[in-house]
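According to the working numbering, the stretch in the sequence shown is residues 45 to 194, in order.
Worth double-checking, as some hints may not be accurate.
[Claimed, not checked] Here are the computed distance ranges between Cβ atoms for each label pair:
#1 Leu170 to Arg132: 42 to 48 Å
#2 Val171 to Pro126: 34 to 40 Å
#3 Gln157 to Arg132: 46 to 52 Å
It is worth saying that the hints were derived from the structure and are not from the lab. All residues carry an ideal CB built from backbone N, CA and C; glycine is no exception.
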Amino acid sequence: MNDHAMGVLMALRRLNSELTVNNRVVAGLTGLKEGDLAVLDVLNREGPCSPTSLARRTRTHPATMTGVLTRLERDGWLERRPDATDRRAISIQPTAVERLTAVYAEANAALAQLCAEWPDDTIDVLVDFLTKATDTIHDAEARRSPTEHY
45 MNDHAMGVLM
55 ALRRLNSELT
65 VNNRVVAGLT
75 GLKEGDLAVL
85 DVLNREGPCS
95 PTSLARRTRT
105 HPATMTGVLT
115 RLERDGWLER
125 RPDATDRRAI
135 SIQPTAVERL
145 TAVYAEANAA
155 LAQLCAEWPD
165 DTIDVLVDFL
175 TKATDTIHDA
185 EARRSPTEHY
């Protein structure tokens, strides 16, 4: 591995560590568990989905997901609604995105300010790289731990 690639890898690992710590702080402030944040993040980014889809996306066992969803529904973070296309199924809908957004607001504003200082084409390259890096990590994890039972 060359020095540039190693520098990128170390920067990504440092970012991952800081995001992990940040999620622990946010979990503590909101009374959520780190796994709860993962579920709410998927719902916020991808929109309503089925419990099975959430379990697969977060690599959570379906029985565990049932408990997570029950807790999040009880605390007003989401709702279970009949699926619009299949009345036998349910769709998980986020209901308190603004509560979570408020907790991340200060960090998000600082990151937005950082991005405002960069040219658009640089931001485009960064977003492309981060998207590809995320996909690469996701694909590597999928090969390492099969999810057929999830």
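Hints versus structure:
1. Separated by about 43 Å at the C-beta atoms, leucine 170 and arginine 132 satisfy the suggested range of 42 to 48 Å.
2. Evaluation of the 34 to 40 Å hint for valine 171 and proline 126 yields a pass: the beta carbon distance comes to about 36 Å.
3. At about 47 Å, the beta-carbon gap between glutamine 157 and arginine 132 stays in the expected band of 46 to 52 Å.
Of the numbered hints stated above, none is contradicted by the structure.
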